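Enquirer: Sequence:
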Amino acid sequence: MNTTSSRGAGTRPEGAPRRRADAERNIAAILDAAAGCLGRQPQVSMADVARAAGVGRVTLYAHFPSREVLLEAVLDRTIAQAGAVIEQSQPDEGPADDALRRLLRSSWQVLDRHLRLFDVAQRELGPARLREHHDPAISRIEHLLARGQKEKTFRTDLPLNWLVTCVYTLLHAAADDVNNGRLAQKKAGHVLEATILSALAVPPNGSQRRAG
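Positions 34 to 245 (this note's numbering) are the ones given, in order, by the sequence shown.
Note that these hints are calculated values from the structure, not bench results.
For clarity, every value in this text was computed on a predicted model and none was experimentally measured.
Glycine included, each C-beta is placed from N, C-alpha and C at the ideal position.
No incorrect hints appear here.
Okay, the calculated beta carbon distance ranges per label pair:
| # | residue 1 | residue 2 | range |
| --- | --- | --- | --- |
| 1 | Ala217 | Glu120 | 27 to 37 Å |
| 2 | Arg51 | Leu230 | 51 to 61 Å |
| 3 | Gly69 | Pro169 | 16 to 26 Å |
| 4 | Arg149 | Val224 | 11 to 21 Å |
| 5 | Ser78 | Ser231 | 37 to 47 Å |
| 6 | Gln121 | Ala227 | 14 to 24 Å |
| 7 | Asp168 | Ala95 | 20 to 30 Å |
| 8 | Lys220 | Asp168 | 27 to 37 Å |
| 9 | Ser231 | Glu57 | 37 to 47 Å |
| 10 | Asp55 | Lys219 | 40 to 50 Å |
Start from the sequences and build out the full structure, keeping to the hints where you can.
Expert: Next up, the structure:
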């Protein structure tokens, strides 16, 4: 007599895929709501985020135990989206200065949409942790600047890591100035591009020594 159950050991519970799908939908809804709320009201509470996402606070805290964890998740997703936009700008194609222009325009499009989010992250996470979250994007910038130095498009008399820091810092300085009304939002992209390309340009006399 065959006594093996049709639901024997190793059989996946029928509800598991649905629970996973529900969890993924909830996470996406929470991240969308948090990004929107932080963009409108930087001091938004977890309860407000749960309400905006259409989930209960128990569900919210099950996925994101604290505001800090939630903020980092929103930040990581936004930076990943920026990375995808940067790749669409084809930074490995054409002369390095043209590629950098495309990369800066793409980066600013994302940064411009999330000015308050990055401002909140700067204040609540601190500059060091914010930069850590940007490591993938920073690596892409470093690769492009190194290519520009090899092509003699960008200056070589200053260390590569310093030039990368300048680009990263100027991007966030522009966002900070827009947030605080010191720089007109519609002019920020042009000002940023002109400043960075000028800072990276080969010195007028053409004499450069490779930085040690």
